[in-house]
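> For this one, chain C is given, so just place chain R on it according to the hints.
Letter by letter, the chains look like this.
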Amino acid sequence: MSSAIILALGLLVMPELEQSGPSSDAANAARKLDTRVTDGWESEKDKVQPASACDDATFLRRAWLDLAGRVPPFAEADKLAKSGKPLDRAAVIEELLDSPEFAAYWSRHWAEYLLGQRPFDQPEFSGRKLQQFLRESLKANRHYDQIATDLISAEGAMDESGAVNFLLRYNADAKQLAGAVSQKFLGLTLQCAECHDHPHAAWKQSEFWGLSAFFARLRRMNPANPQPNEQFAAVLERPRGEFLVIDKKGKPDEQGNFPTRTVMPQFPGSVRREIAPARRDALSAWLTSPENPYFAKHFVNQVWSRLIGAPLVLSFDPVLPSAKKGDLQPATLSAAGENRNAAILENLRADFVASSFDIRRLVTVITLCETYQRASSSHREGDSPATDSELRHEQDLFARGRTRPLSADQVHLSIGQAFGFFQDDGDHRLAQLTDEEFTYDVPVNSFGSEPQSLGRSLALFNGEHIRGAVDVAAQSLLRIHGDAAGPAHLQRLFLCLLSRMPTDAELEAILDLAGDDIPQRGLEDVTWVILNSAEFQTNH
Amino acid sequence: MFGLHLSRRQVLRGSLAGTLSFAATPWWQALLAEETKRRKADACIVVFLEGGPSHIDTFDPKPGADTNGPFEAIDTKIAGVKFSQHLPKLAAIADKLAVIRSLHSPEGDHDRAVSLLHTGYQPSPALTYPGLGSTLSRQWKGVESDVPLFVSIGNTVGPGILGPQFGPFVIQDVNNPAAALDLPEGFGGDARVERRLKALEKFNQSFAARAPLAGTEDFTKLTQRADRMRRSQVFRAIDLAATEPELFEKYGGNVNDGYLARACLQARHFVEAGVRFVEIQFGGWDTHADNFNQVQNLSGSLDAALATLIADLGDRGLLDKTLIACFGEFGRTPKINGDNGRDHFPDVFSAMLAGGGLKTGQIIGKSNDTGSAVQDREVKVPDLHATLFTALGLDVTKDQFAPDGRLLRLTNNGQPIRELLA
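In the order they appear, the protein sequences are chains C and R. The first sequence begins at 1 in the numbering used here and counts up one residue at a time. The second sequence begins at 541 in the numbering used here and counts up one residue at a time.
Chain C extracted, bound-state conformation:
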């Protein structure tokens, strides 16, 4: 709760924000992006009826969950409920992007994406150090090309360089890194070509090897005499050394072993060999160049997907012409759908490149969009209510918002935001020392990694974390609003978890449940109902 109060105080003393300069430029970019979205509707048979903008309370909760990974603090929701004035949405976005919560939350899921696993800390690498590097980079608003360059060109010990832990995660191994770099930074699955040219794969083995060769001189160093519990590794680049492959076309020696052959660095999709001495610098220059066809596109596609709930392009791998006739091919977007999304993607990419890969600006542009702010609810102006398939079609056209289940992190952080309850208090305090929100994997341990699963439901039903949370919630409501459960208790609870006031009907129904002989039990029950509800468990 204390961080919420501090944040709320911080907001009070903030100066009035100018509505010109960079933010109005972003607003213009957002309008252009919206036009790209609505342009696509012209090819539709029927007139598209876009959802109207979501209400302010929904927007506040959506933006907080997306950018800070948690519901808004009570003070924010309460202020909005009482103000009667429209919310300055642009200001909310700007404040969130400047907040430590944004850097903490986005660095966490970014680290998870780069590492491809949880928990972060393993004997071979320190994912926490990597996350800290990303967090500090986001705080300083370092641009995406700089961050990518740091990750690829990193060197040094795991506890000194955060970025080097990306290389260590893939064992500083040339082939593993070629696979990781193509997948994580370009959205391409080159690693399928590791074994051989595959008839169904779009990439050639030579391209995979050419990319691997950029990392051929890396060496992973371990201490000669490791101490128990000591975690140490480093990455060094040697001045020479080449990437060798087995040449199966060559003549085997007497033992039947094929000779090896040197493969020089070569960019995928290019025939030019790279002989620059600083191989990884050459690679990151190529990777982060505005001309690279995938680097910016893949990143904006991911950020869009994270904020809107569906990607614009499902895969950047070239379409495979080799699929046999009669094979069951999964349905993809229609040609019109692909063109429509490609236009949106190109618009976003161009803006991102023009801003020299400014991540905060990218997030600002998307969240300022009408497209981001559209309601997900079924409400339609005028006549008959829409059918589910009509609503789904509208979502595919980005004419309606999407509901997304909360991740384990979002559930954990939201309960912490609402009640100051973090289950493992010792861990929480330890984490604060390093400016983190948790050190052990409390969210996944408490709630399971899969949203909408039996494991998650069981955890929310009767897990220790939830038991603790409903207990603390009921206690603090009684302390703040008095010993008899009444509307004030419930209004606060709704604002804490759902960022909105209860309706009269809800108040009546819930008061009935809350009216247990023992107020503590009644309020525990109400808190339980809200935490187990679909409304709490989704970002809508």
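No wet-lab data here; the hints were simulated from the structure. Just so you know, even glycine gets a beta-carbon here, dropped at the ideal spot from N, CA and C. You may find that some hints are simply not true.
Said to hold, decoys possible - Taking CB as the label site, the calculated pair distances span:
1) Lys82/C - Asp944/R: 37 to 45 Å
2) Arg732/R - Arg142/C: 50 to 58 Å
3) Thr937/R - Glu42/C: 40 to 48 Å
4) Gly933/R - Arg142/C: 57 to 65 Å
5) Pro293/C - Gln915/R: 40 to 48 Å
6) Arg479/C - Asp944/R: 47 to 55 Å
7) Ala157/C - Asn715/R: 32 to 40 Å
8) Arg142/C - Lys906/R: 55 to 63 Å
9) Gly116/C - Asn877/R: 22 to 30 Å
10) Gln255/C - Ala913/R: 20 to 28 Å
11) Gln255/C - Ile614/R: 22 to 30 Å
12) Ala157/C - Thr937/R: 57 to 65 Å
Just chain R, lined up with the frame of chain C:
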């Protein structure tokens, strides 16, 4: 009894109880036995050898070949068929096994191959294919049970496009299948739970009316299932080593860390309680280095656990209706690398099947002399899946559709292995 749909299994149980409570008439029993024999399997246990086990060092040895490595090959109960020396218990009951030695897959990357072996489809960004357990759960839809139909010990491939209601219950700690099943002391019992559930249902209904695409019904159903599961006994922490010590030891409780013994014994308990699909993750087979020591260790666990599971299910009369399958995401290279390891190899690999009314005691397909290619009767992953589905009584030729209306057959044109099916 109105409106109560009895499953075939319940009817059979009912008639069995009936015959026993009256004077047992032999012809009735014979008929029952006949019926039981013809009945398809209705449960499945998959032991997934994560990492990709070496086929040559397990079920497909190549004695005399350079590629064989140091392991000896030993005779099995099937004449002329040999297994690795580190699978003696399975060799001794090979008449109860069927081994496929000619699996072939196009995927040599862990993630993609794990996905293929679970879904029967090569992964595609356009459609998240469901894993075996989820596909089956959907076919078994309507089977009322307090326990989940699909349990996975360790992570597995989820329901994908089929949606969360067909997802697994994932157990991370085999010693403690589900945490916090018991209501805390002084909670107020089931009456208080009922009150909460009623209020929740109402609250969810009003949200569903506002947000029809939020999957509210899935959330409500999952909460109700969590409640039913809470009441069942089988997921409570149980010390298997203490409750069935002799059997536990036979399962290999003292071999390595005893994980697989526990998992397999738990799986038997789950199947007895009505779980229809259990997957057990048994990792460690990605032996790029030090292959032979590691495979020897892993084989010790695998041999004891699988052989005992088969015997145990047999003793309880459950083997015919419980299909057992054991495979990994690919095999490993015949060539032994510089680290005394073997690398990923999807060109040819093996799978072991048992129970489920299959015609056992036979080897399907053949790899060549060095174990580097299929020599005879190539079996594709969809064929393996089609065999499992057919043994479980499903028609793989029927068109099926994903919830969004897209064609989604049980397998990608898989053909069941007829030789294995009765």
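> If a hint holds in the structure, say so; if it does not, say that too.
Hints versus structure:
{"no.": "1", "hint": "Lys82/C - Asp944/R: 37 to 45 Å", "verdict": "43 Å, holds"}
{"no.": "2", "hint": "Arg732/R - Arg142/C: 50 to 58 Å", "verdict": "52 Å, holds"}
{"no.": "3", "hint": "Thr937/R - Glu42/C: 40 to 48 Å", "verdict": "43 Å, holds"}
{"no.": "4", "hint": "Gly933/R - Arg142/C: 57 to 65 Å", "verdict": "59 Å, holds"}
{"no.": "5", "hint": "Pro293/C - Gln915/R: 40 to 48 Å", "verdict": "44 Å, holds"}
{"no.": "6", "hint": "Arg479/C - Asp944/R: 47 to 55 Å", "verdict": "49 Å, holds"}
{"no.": "7", "hint": "Ala157/C - Asn715/R: 32 to 40 Å", "verdict": "38 Å, holds"}
{"no.": "8", "hint": "Arg142/C - Lys906/R: 55 to 63 Å", "verdict": "58 Å, holds"}
{"no.": "9", "hint": "Gly116/C - Asn877/R: 22 to 30 Å", "verdict": "25 Å, holds"}
{"no.": "10", "hint": "Gln255/C - Ala913/R: 20 to 28 Å", "verdict": "21 Å, holds"}
{"no.": "11", "hint": "Gln255/C - Ile614/R: 22 to 30 Å", "verdict": "29 Å, holds"}
{"no.": "12", "hint": "Ala157/C - Thr937/R: 57 to 65 Å", "verdict": "59 Å, holds"}
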